[in-house]
Every structure is written in structure tokens, then in C-alpha cells.
Amino acid sequence: MTSRLSRAAGKYLAFAQAAARRTMADRTVAAGRVVFLGVILFVFSRIWRLIGAADALPGVTERELVWYLAITECCVLSIPPVFLAIESEVRSGDVACRLVRPVAYVGGQIAEAIGETALRLAVMAPAGALFAYLLGGGLPADSRGLWLTVPLGVTAVLMAILSMAAIGLSAFWVVDTSPFFWIWQKATFVLGGLLFPLELYPEWLQKIAHVTPFPLMCWAPGRMALGFAPDVALASALSGVIWLAILCGLIALLSSRARLRLTVNGG
Amino acid sequence: MSQAIELEGARKVFRVRERTRGVAGALRGLVSRGTREIVAVDDVSFAIAPGERVAFVGPNGAGKSTTLKMLAGILRPTAGRVRVSGLEPGRERKLGFKIGAVFGQRSQLWTNLPALDTFELLARIYELAPGEYRARRDELVRAFEIEEIAQKPVRQLSLGERMRCELVASLLHRPEILFLDEPTIGLDVVAKATIRDLVRERGRRDGCTVLLTSHDTGDMERVCERVLVIHRGNLLLDRPVDALRKSFIPRKRVSVVSEEAELSLDLPGVRRLPSAPHRTELEVDLRAVGVDRVVSQIFSRARVLDLSIEDPPMEEIVTAIYAGASAHRANA
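Respectively, the protein sequence lines represent chains E and C.
The first sequence maps to residues 1 to 267 in the working numbering.
The second sequence maps to residues 1 to 332 in the working numbering.
If you're looking for bench data, these hints aren't it; they were derived computationally from the structure.
Keep in mind that the hints are not guaranteed to be accurate.
[Claimed, not checked] Computed, partial: chain E to chain C, Cβ under 7 angstroms: (1) 5; (2) 7; (3) 8; (4) 25; (5) 89; (6) 91; (7) 96; (8) 100; (9) 102; (10) 103; (11) 105; (12) 107.
[Unchecked claim] Some chain C residues judged to face chain E by a derived CB distance under 8 angstroms, without partners named: (13) 73; (14) 107; (15) 127.
[To be verified] Label pairs and their in silico Cβ distance ranges: (16) C:142 with E:13: 26 to 34 angstroms; (17) E:257 with C:200: 35 to 43 angstroms; (18) C:206 with E:13: 23 to 31 angstroms; (19) E:5 with C:112: 25 to 33 angstroms; (20) E:122 with C:152: 22 to 30 angstroms; (21) E:202 with C:152: 55 to 63 angstroms; (22) E:5 with C:310: 55 to 63 angstroms; (23) C:23 with E:9: 50 to 58 angstroms; (24) C:129 with E:5: 12 to 20 angstroms; (25) C:252 with E:4: 40 to 48 angstroms.
Just so it is clear, the structure is predicted and the values come from calculations on it, not from any experiment.
Glycine included, C-beta positions come from ideal geometry on N, C-alpha and C.
Model the full structure from these sequences, guided by the hints.
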């Protein structure tokens, strides 16, 4: 049983390693992403200064807000569009080549996305920290919570990857999955608190956001830059585990149904 | 002896949504959509013994690729029984270790990376020990002459080069059964010949069963010993390749290059095909005259510089089978 599990883990690790190698080959794209992160942080730090966003949150300064945005943007920009990879393989019929292998198709896609995300994060996280340090003028006033961004950030990217994989699997039913992605992405931006901490939202909107999984994909890791809050971190981590289990179940269900729906384009 | 591949009454029906034309049709489609059924494979039965190399031929849309995808476990049959290496495709994942597949119009290689990187990934997927993998990879890389090709990013390869890498990828884990779906599609004459030779040789050497779909009859002639002909989802014919040729087109094509500009014969069953000065093309119906009589008359009437006797192209054979089947159905 253990050796079976380790063999399976080895296969998915191989997918992740291969995806990381592929990502390393795209150095220009990685550089572009880092520049984009720098621009975003610069623009929003200036906007916040202009509107005095930090004044609305007691104990929070512009510096903490820049760190918040650096963390949430790093999470979002590090995730490859898994749904597009699945959709294009289903559309082109290349999925046929993958389905004959003794490995779960969607598992391979998820492992590839994790490998790519890990490598992207290895570049984006130090770059984001450097930008936040320079634009915010130093570390957050209470930086004890920053290390908690690691487990919460991992949960956030895993949730985002699984969500996108589920969206990609819808390609077995619909030709174009982008409408689902747009809805999911906009919900992540708004209800997830990509640009502003949820604490700046009206109370009723905060309540709605917190019953959805979206804050766990942005707000939860970013919140750790606003001040040390182990109770929030613990609650978010527990909630994240539950949502990850739900997403895994959804993907398993969609995968089993998708195989029955398959028609391969071009014969 | 148990069969490598068995199909009994296999049937595959696709249900597709009907799209109505025009704006009104599109609006109606928002509320309710009709569906129609397309029978891609209808009651197909055959068995293939281990080690056989079998061609599965037919025109576009005949159902050959659908059948192959049912065998590979990609599609589930609507009805019937399908067994590959004693396992039920699509339900038993361990079948993946026993089969290899190449789909000519698809790629299993990562386009931005060298093929060697995909080979490494496949070695892990197929649970090959590092030493075993390296030995097998080196053997195949040498046999398929891709030492340099395998180190370039796949996107930089020609179609023929990519196809050689695809074949190596599908053979790495020593599959018992190799499914090839249009492996020579889009290739030039030289690349086609290379791929055919490599598949035949590898099939013989590894002793693996080969099921090859194609609408290029050259593939079945050069690679396979048995042919299954499918048309409109039904199995039309199951014969050895040689027997198929003999029973369906009992004709030979004779080409003569002579010192004389013109050459004419007066034998029954001999038809002159479009020819050029000093080069005469003849079609001989063997039911009416023996090819030996034709050759002796040629030598008696001309000073022959060159002479060749060939079977007609297999395309004609398959066309004749389709025509025969259509006539049979019309009479019935």
C-alpha cells in the first residue's frame, strides 16, 4: 500500500518537475511578470496614498497595505491558467494521448500547475517582498505574522489551482470555459479582497465574502501583513482544509463524469 | 491461446446536439435543443492474436479511429464487449502499462521541451527503474536515429522527426500492444517509408501486437500481415493482406520501355493505359490472360529496354471492396 502510494506520488512529482523545467525555459515571461508586479504595486501604493485608504483601518499604515497587495498579487500572478491547458487539450483532442497513460489525467494537470506555481513563487515572492520593502519604506510595523503567509499562501494557491482545474473540466460539457473563469476571477478579485483588505468593505459585504472560499485565496495570506493574528490564521487554515476537501471531491466527480462525456474531435 | 484484442458486437453511438440555422433557430436553441444520434461503430467483432500486425483501414469517418479509441480505453463502447490483453479498457488503469499509442494528429510530447524530457516523465509514469529506462531509451534512440533530434525542443522538429520521437515515447515501456492511429498522415514519401520500416521492425523485434489505422493503403502493405476493412461503422472484410489483393483485384500492371515508340498487343484482357512514346503502360486482367503470355508477346514485338510487373495500388483494392459492398447492399 505504502509503495503504491509512493509510486503514485513519484509520478505526480515527475509532472511537477517537468512543468518547473518548462517554466524555467520561459525566462522572459517570468521577467515580464515581475515587472508587472512592480508596476501594480507602485500604482496602487500611490492611489492609496491619494485617497488615504490606510486612515480607514485603525493601526494600519500605507506600508502594511503595500505588503498586503504584494502578497495577494504574488498569489494570483503565480498560478498558471490550468483551465486553459485542459480546455485546449479537450478541444484539440490531445487529451486522447494523455488518457491512455496509467495516471489520472486531471491529477497530472494539477501536479504540473503546482510545479509551475512553485517555480513562479520562487521568483515572485522575493521580488514582491523587495518591491513592498522599497515602496512601503520597510517591513510592516508588526512583522511577526509574515511567516504565517507561507502556509496560508500555499493553501491559497492550492485552492486556486483546484478551482481552475474544475473550471477546465467543464470543457467536456461546454466548448468555451472562459465565462466560468471570468466569473471565478472577478469573484476572487472582489470577494477575495485582491486589491483591498476585506476590512475596508461594508460589513454586509464582508459577511457575504466570508461564507465563500474566495477570501482564502487572497485576503487570508495578505491579512497577515496587517498585524499578528494567529486566531485568524488558524480559522483560515481550518476553513482552507475544508474547502480543499470539497474541491477535491468536486474534481473527482467531474473527472468521472467527464470520461463518459468524451467525444474526441477529429475521430 | 488468449487473444491480445477481442471485440464482440462493439457499438459506439455519439449523441450530438442539433443546431438550427438562423437567428430564430439560435433563439429557439436557447430554450430547447434537439439531439441526434450518430452511430460511429456498429456491431463490430474481431479478435487479434498476440504478435499480429493488423491494419484497420477505411475512408474518413468509417469508424476506425473510434474503434481504436474504444480499445485504448479513451472512449467507452455504448454496447458490446471489448477486451485488450484480457482487461476492460477504460475501467482498469493497469491496462495503461500494457499498451502504447500514437495518434498521428495529436502529440504526447511537450512542445517547448526536448523529447528526452518527455521520455523521462514517461519513464516515471510507467514506473521504469532508472537503469532499465536508460537502456531502453538508448536502444530506441539508436534504432530510430534520433540522437540529435531528441535534444531539440519538439516545436523545432519536422513532422517526420516528431513522429519518430512519438513512436519512441510510445515504445519506452515495452507495450504488449501498440495502437497507431494514422501514424504517417501528412508525411512525405521518404518519411512515410522510414516510419513504416521502423514500426514493422520494432513490432517484429519486440513481438508486440500492432493495430494500425490508416486510409493510406501503403501503411498496411508495408507494415501489416492482416487487414480489417471498415466502412460506415461496419466491418466489411477481414483478410490477410496478400489474399485481399488477390481476391479483389486480379490484375497486374505492366510497364515497358522499348526502342520502338509504339507497342501494341492483341490479347484479350490487356488494356492500354495512358502511355508516353517508348514507354507503354498496360493493365492485364489475369482472369482472361496469363501474365506470361503478355510478356512473351511483348518480347516478340519489341526490343525491350526495361520491363516491370506490379500489383495495382492498394487504394484501388479498397475502392473495389467499397464498391462491392455497396452493390451487395443495393441488391439486398
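Tested hints:
1. 5: 13 angstroms, violated
2. 7: 6 angstroms, holds
3. 8: 10 angstroms, violated
4. 25: 6 angstroms, holds
5. 89: Status violated, d = 9 angstroms.
6. 91: 12 angstroms, violated
7. 96: 5 angstroms, holds
8. 100: Since the shortest Cβ distance to chain C is 5 angstroms, the answer is holds.
9. 102: The hint holds - residue 102 of chain E has a Cβ within 7 angstroms of chain C, the shortest such distance being about 3 angstroms.
10. 103: OK, holds: residue 103 of chain E within 7 angstroms of chain C, min 5 angstroms.
11. 105: 10 angstroms, violated
12. 107: Violated, about 11 angstroms.
13. 73: Holds, because the Cβ-Cβ distance from residue 73 of chain C to chain E comes to roughly 7 angstroms (cut-off 8 angstroms).
14. 107: 7 angstroms, holds
15. 127: For residue 127 of chain C, the interface hint holds, since the closest Cβ of chain E sits about 6 angstroms away, which is under 8 angstroms.
16. C:142 with E:13: 26 to 34 angstroms: The hint (26 to 34 angstroms, Cβ to Cβ) holds, given that residue 142 of chain C and residue 13 of chain E are roughly 29 angstroms apart.
17. E:257 with C:200: 35 to 43 angstroms: Holds, since residue 257 of chain E and residue 200 of chain C (Cβ atoms, about 41 angstroms apart) stay within the stated range.
18. C:206 with E:13: 23 to 31 angstroms: Taking Cβ atoms as reference, residue 206 of chain C and residue 13 of chain E lie about 29 angstroms apart, which means the hint holds.
19. E:5 with C:112: 25 to 33 angstroms: 31 angstroms, holds
20. E:122 with C:152: 22 to 30 angstroms: Since the Cβ atoms of residue 122 of chain E and residue 152 of chain C sit about 27 angstroms apart, the hinted range of 22 to 30 angstroms holds.
21. E:202 with C:152: 55 to 63 angstroms: 57 angstroms, holds
22. E:5 with C:310: 55 to 63 angstroms: 60 angstroms, holds
23. C:23 with E:9: 50 to 58 angstroms: 54 angstroms, holds
24. C:129 with E:5: 12 to 20 angstroms: Given about 18 angstroms between the Cβ atoms, the range holds.
25. C:252 with E:4: 40 to 48 angstroms: 60 angstroms, violated
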